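Whenever a hint applies, use it, and build me the whole structure from the sequences.
Residue numbers (the UniProt record's numbering), protein chains in the order written: chain A, 1 to 860; chain B, 1 to 150.
Worth flagging that the hints you see were computed from the coordinates, not collected in a lab.
Everything numeric in this text was worked out from a predicted model, so none of it was measured.
Cβ atoms here follow ideal geometry from the backbone N, Cα and C, with glycine treated the same way.
Hints may be right or wrong, so weigh each one.
Covered, in the sense of this in silico footprint (three residues per stretch, anywhere, with C-beta under 8 Å from a C-beta of chain B), are these stretches of chain A [claimed, not checked]:
hint : segment
1    : 620 to 628
2    : 679 to 691
Restricting the straight-line Cα-Cα distance to at most 30 Å, the calculated cross-link-like pairs of lysine-lysine (DSSO-like) are [as the list claims (entries may be wrong)]:
hint : chain 1 : residue 1 : chain 2 : residue 2
3    : A       : LYS678    : B       : LYS115
4    : A       : LYS340    : A       : LYS501
5    : B       : LYS110    : A       : LYS678
6    : A       : LYS39     : A       : LYS301
7    : A       : LYS671    : B       : LYS115
8    : A       : LYS254    : A       : LYS208
9    : A       : LYS608    : B       : LYS23
10   : A       : LYS535    : A       : LYS764
11   : A       : LYS678    : B       : LYS72
12   : A       : LYS541    : B       : LYS115
13   : B       : LYS12     : B       : LYS72
14   : A       : LYS671    : B       : LYS12
15   : B       : LYS23     : A       : LYS694
16   : B       : LYS23     : A       : LYS656
17   : A       : LYS413    : A       : LYS830
18   : A       : LYS671    : A       : LYS541
19   : A       : LYS710    : A       : LYS542
20   : A       : LYS608    : A       : LYS597
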Amino acid sequence: MEKNLFRFIWRYSARQQIFIIFVTLLTYPVIYFLLELPKLIVNDAVQGNNFPRTILGLDFDQIPYLVLLCLTFLTLVVVSNGLKFFLNVYKGRLGERMLRRLRFELFQRVLRFRLPHFRKVSSGEIIPMITSEVEDVGGYIGEAFALPAYQGGMLLVQLGFIFMQDPLLGLAAISSYPIQGYVIPMLQKKVVLLSRARVRNIRVVADKVGESITGVAEIHSNDAAAWHSADIADRLYENFRIRYEIFNRKFFIKFLNNFMNQLTPFFFYLIGGYLVIEGNLSIGALLAVIAAYKDLAGPWKELLSFYQMTADVSVKYQTVVENFDPPDIHDVSRLTSDDKVELSGDLTFEHVSFSGGAAGQEVLDVSLTIPAGTSCAMVGPDGSGRSEVLQLAAGLVSASSGKICIGTHDLDKLTDSTLGREITYVGGAVHIWTGTIRDNLYYGLRHRPLSSPEREGEDLKAYKRQIAEAKETRNPIYDLAAEWNDLEAAGADSTEALDNKALELLEAVHIDKDIYRLGLQSRFDPSLNDAFAEKILNVRKKVAGRIAEEPVISGLVELWHPDRFNPSASLAENVFFAVPATPEITMDQVPDLPEVKAFLSETGFDGKLKQIGLRIAETMLELFSNVSGDSGLLGTYSFINQDELPEFERIVRIAKSDQQKSGPNDADCAKLMGLAFKLVPARHRLGVMTDELKAEVIEVRKRFLESVVKTSDRFVAFDPDVYLPPLTIEDNLLFGRARVDRRDARRRIDDVIRTIVEETGLRKPIIFAGFHYHVGVSGSRLSAGQRRKIALVRGLLKNAKITILDDIATSTSAEDKELRAGLRQILQDKTFLFGTSSNEIATEFDQRFILDQGRVSDKE
Amino acid sequence: MALETEVEALRKVSLFRGIDETKLRLLAFISDRTEYREGERLCSQGEEGDSAFIILSGSANVMVHTDEGEKKVAEVAENSIVGEISILCDVPRTATLVAANDMDVLTVSKDDFLKLLKEFPDISLEVMRTLATRLERTTRDLADARQSVS
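See below:
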């Protein structure tokens, strides 16, 4: 990687830079004529005589001549500004392209780092390098050559003019340049050093913030917040100190420049004045020189600030780039090569040594052979070198001496395209990617884009442009929208077959139940799969049928019925009898939607709701007014928490005295209505829902359906014959509420649903629906065990020749034992390496190597 | 049925006799109102007790394990509280409760009951009084039983 910013710029954009300089030079004559024309217009066209003038063989009288000159002026204005516009866009684009190239190169280099290198660098440091630190480089690149060329040229022209007037004055004009040229770089050097220190310090801050976020549970559980606060505060002070130093120096440089620039006129007046008095220089020439000097200050200032920017940007570039050039970085072809060789044959270690850089992470002179198609256990506690041996076998790390071969192929000479496809490695610390379960399961099949989608018209144009840009910046041209899942590698001939295969493996590792539950909790879009929605509706009918038939069950649920009040649901659900079309809007937010507000006030039901809310508030106040806040009773059972109690006390007081002019205001009313909407009559038993009120709710519900739900696409009405996409699959299956006043109703009803789901063969599609479950950031919405199992299935789906598991399913429980047997069954004629610390488990495998302190101490 | 009717029922429970109405309303509000059909279990012998039951209507059979299977030893009727022992001292349920007919029950969870006792000491006093009465009776029964044995 280019260590020097200018070399980097020149290497990748020499042609464009020359073009920029060329266009810049093109603007010189335009600007020159633009400045000359006004003079010509005033002196020649307005004040001149001896018309007509002959231009290109045409005769012009005074007025046409004036018009011609003015039109020329206008044209030049357009041309000069057009050129400027073009140049700016061109420079901007060049800068962005170079930035994209740089950033991608940096990212690719991160992927090329050897694994042990990541012990030395942290993501908290690398992220700001790739994102913010190089940002300034982009803006600079377009100017890198053009600005010094342009401003330098201007400076030379002006200087030449002064020297032509009088060499002595010329010398006076540049008299301060040597001093500036000497002092300023000296000062700037210090600023550069400080800038480097600042960048490094900010990186440490970023790293520490990142670490605090990762370890936030530790901070709280150890009450270490103060220590971390002090640590960060210390770093921030360091940052302040450095910046303050930088300011001081920067502004001193500015002061010095300004001073020097003002000093020169002092010499002009002194020397020029003397020369004029002595009669060696005309007064006119002196004035011209002073005017020229004024024009000199502009370019000089530009050049100086350019110099400062150059120093700043190149230091940033260097401080970034030096971190991406470790000596042992993988060759780029390791990532980009698409050649896959078949890894068949025995796995052999020949006198392999490896050092992870710390005690307990080394492997010393290990030689072993694992015949192809057998299973083998690597036994050893943590720190015995077991994990390192397995990582060496997977080609994840390279031996420092010795050779690891599979068949005739040396692992160190193979690329990711072979290692990553022919070998499956699942270690103890698995990573689950942010995305759906499906994304994670098929992650091991996404090596290269396989078939691009058909593109037409605008789409195709946009895509072509994207590809052209990628080529321009040496970014990859892989199509993200293509089909990436390599079905063939997984041994499947269609997406359905792949799904089925994944399901088989999920069952083998016993995680199908979890995915089924996730599937029940997930939402799905019926427009994608009509048949599935139809099936769910069928099951819903069956559930309803079973509930109607069996009195034991029917007492456990309240199904949604358009003409019946559902006491186990909240008043909001009962009134609206619909769900917001987007799951992001919760039921609590519905009353605040404008159309709902309008509806409520139109029908006058808001008054009723306020009364209900008021009665609830009154009851709450009465019940809880004598209860102390810290008893916990209020928070658990009341609609109102301790902090809101005084607020509602006030609202109730105002409402009670409403014979007076002012009742509760809008905000208070909204609060009261909010209380009312939360009421679940069967649970709260406050006695406010009288039969008349229930009938009224049903009435309002019908009007709401007519006037809001049917006219707006923001709601989906409860309808026994329609699949409701905003509800989970489970809620769609039951289409009602388990009664809150029956013990274990939820669980018992779930059992009924599960049996019907299994009877109707819906379990499988529900599991597939669970594939769309979003696992959260790095799989945070899954348990550690689930993450490991999903990673295991991901590895198995690859269908690799060699499977290496480390610290997976290593307990002696019956479940894990069964799982291991299942794995051996699945990997029957493949090479299977299994890392464990238990000798007992190891006896289940064909062959065993026992590792101790990096050496093979025993084998069977 | 609303809180008012529950309070009416609670007032008839001997344990809550001396307690004023607002507190009974609070007790009713924080408990869960549950229905049981004939034959459903309220709790099973041996499991951990985390709630007490106040029977509003209906009755339940008290069953214990014996060598010949479960045997009915008593019946608890309307307006009585059962299961309060196990929420006061951590002992497993000493008997199984099975609904003898359709029942309406208020279930008070252990945590809430303890919070309520802490909050209103006069309830604790009442509970103590009731328990003391029972203890006294049990002691007398025991003495009688000993006498008849010897």
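Violations among the numbered hints, reported as their numbers in ascending order: 8, 11, 12, 14 and 18
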